[in-house]
Amino acid sequence: MALYNFKKIMVVPTAKDFIDLTLSKTQRKTPTVVHKHYQIHRIRHFYMRKVKFTQQNYHDRLSQILTDFPKLDDIHPFYADLMNVLYDKDHYKLALGQINIAKNLIDNVAKDYVRLMKYGDSLYRCKQLKRAALGRMCTILKRQKQSLEYLEQVRQHLSRLPTIDPNTRTLLLCGYPNVGKSSFINKVTRADVEVQPYAFTTKSLFVGHMDYKYLRWQVVDTPGILDHPLEERNTIEMQAITALAHLRSAVLYVMDVSEQCGHTLSQQLELFNNIRPLFANKPLIVMANKCDVRKISELSEENQKVFADLTAEGVTVIETSALTDEGVMQVKTEACDRLLTHRVDTKMKSKKVHDVLNRLHLAVPAKRDQKERPPFIPEGALIRRKAMETDTPKRKLERDLEVELGEDYTLDLQKYWDLMNPEEKEDKIPEIWEGHNIADYVDPEIMKRLEELEQEEELREKAGEYDSEEESEDEEMKEIRQLASQIREKRKLKILASKEKDKQGPRIPRTAKKVWRERLWRRRWVIWVWT
Amino acid sequence: MRIEKCYFCSAPVYPGHGMMFVRNDCKSFRFCRSKCHRNFKKKRNPRKTRWTKAFRKSAGKELTLDNALEFEKRRNIPVKYNRELWSKTMVAMKKVEVIKTKRQARFIINRLKKGKELEKAADISEVKKNIHLIKAPHAGQAKQLEDKMVQKLAEDVHMDE
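If you read the protein sequences in the order shown, they are chains A and B.
Residues in the first sequence are numbered consecutively from 1, following the numbering used here.
Residues in the second sequence are numbered consecutively from 1, following the numbering used here.
Extracted from the complex, chain A is given alone in its bound form (with noise of 0.2 Å):
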């Protein structure tokens, strides 16, 4: 039963849709094979399984719908009566109770069938029977497609009514059509309602959220409102009546003073007269909007006079625009305000008061001294503050030069590198050198170890490392080089030579293949022929 989830309801299927569905389950979740010399036990048994199966797949889907779809009498009157308004109450309640009696329907029939089967003797028999019941539950369905249907299609807009909290803290607007209660929501909320010349542009409630005081504000925009008696409202009408008559919010009523909407200003107090009762115990303002049309100086005198009445009965009249903005932050401090102390009054007057009110306490430090301690404000922030109010540009941004210098402009961060000699600030810097990165060389005390380096390397090269060791070889080692050359020649040859050598004489390649001798002999005119 979801409250004001209603976005978690289960799709319902069309009338065919659910038969198809719920027959192919039981063909495939059941034991499909049987034959006829079965145990007559089991045959029924088989059957009945079917049947019972189709049974509580639609007995389990139908209490699904029926739980999802949300009571009319057990979710908060203002959703109860948007509905009603939306869908029609009984409409609504008949299709479920449509729901409901088919459920039952099904279940009497697979009760009915199985009982019979116990009696079922041939496989024939029990096939029939399984056949007949359900066949006789797909017609109950069948005769459900309307109201399938239409719960299919309330589904879809539940889905998409937009979440209205209505216990939390709310401004409503309302007046006439295209007096600006959408151009309003959409300046002080992140909504992004659509705003037209034509009337009934908003055919729907639209909420908007927003931050004051650091708690979060719903502002909800109805469709405009004309003036007839309540019984002629169509159902556009009828959702900006309700939920004037059950959110408890502070109401701005809108009107438009230039009348652009196509509505006298007489007829608009009219209309404000018609549903006042609804404003009993909300804050009310009155939003003079479009000023910088007209303003209510501009007016003519008895127009002046309705909005010197207005404020003389205590009804707080601001001028705004939607366009210039004027006149909008102070109608939503104002309205916030006042629904703040008013829901604050009703919570106090209320029992849950004292609970909270034991815990609250204000703690002021105590004055342990007569010395005087103002509060301090940093000269730097004082003079920020100023520079912040006249608003020059400060230093050039790297932007505007990107757009003076166009195409030439290189990104260059070398610039606002801190250096200790600010004048290297454009050099071009080496990185590498001959297969070495130079920033792994550098190092400040570098000149102090190639110092070192260089003292090491003199001494190596005193002692003697470096000198070329060509030892002048005597005349006797040259002469065993040279016999020793010729000795490893000379056994190399000796090898080749040994190696010609045919000591075992013409061979037979291992890759000939063999052949009979039979073969050879019946083929010897044709060799004697080649050769």
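Think of the hints as simulated: they come from the structure by calculation, not from any bench.
Quick reminder that beta carbons are idealized off the backbone N, C-alpha and C, glycines included.
Certain hints may be false.
One side only, chain A facing chain B, incomplete, derived with CB under 8 Å [said to hold, decoys possible]:
1) Glu-398
2) Trp-433
3) Asn-437
4) Arg-481
5) Leu-483
With chain A held as given, fit chain B onto it using these hints.
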């Protein structure tokens, strides 16, 4: 821009060359060419693959511990640019390179000295053992032998008398 070292053979990898492989434990491996990459994929150990620098260094075939090699070291905290320091570094770098190459060459020559001696000994033993392949035992000593024989005969004659 840096010249990296190939993980497998330790050759310099210039920018725009070679491949880099990053493993799931965030360790990256650079390769100078597909030969090294393929060897790596075959899970060969560069310390055991004879043609790599890693093998040569671990097997002691190249100079490993030396002051001249300590100059080129990758630093994790870069030094701020200072024109004077950089120009000094460039000069020092070139000198160090000269010394380094000299020392490396000397190391290898020293290592190969032993081989030269072995060669010498092998030549001497070869000659001693197999001189008969090119020279007959008493070739070029015909005159001497004749004289010796004559002397011997003369002595024998003397003895007889």
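Check your understanding: Does the CB of Asn-437 (chain A) sit less than 8 Å away from some CB of chain B?
Key -> Where the cut-off is 8 Å and the nearest Cβ of chain B is about 5 Å from Asn-437 (chain A), the hint holds.
Check your understanding: Are Trp-433 (chain A) and chain B close enough, Cβ to Cβ, to be under 8 Å, as the hint says?
Key -> holds, 7 Å
Check your understanding: Would the hint on Glu-398 (chain A) stand, with a C-beta cut-off of 8 Å toward chain B?
Key -> Violated, because the Cβ-Cβ distance from Glu-398 (chain A) to chain B comes to roughly 22 Å (cut-off 8 Å).
Exercise for review: Have a go at the Leu-483 (chain A) hint: is there a Cβ in chain B nearer than 8 Å to its own Cβ?
Suggested key: Hint on Leu-483 (chain A): holds, closest Cβ of chain B at ~5 Å, below 8 Å.
Practice item. Report holds or violated for the interface hint on Arg-481 (chain A), using the least CB-CB distance to chain B and a cut-off of 8 Å. Key: The hint holds - Arg-481 (chain A) has a Cβ within 8 Å of chain B, the shortest such distance being about 5 Å.
Against the hints set out earlier in the document, a violation occurs for number 1 only.
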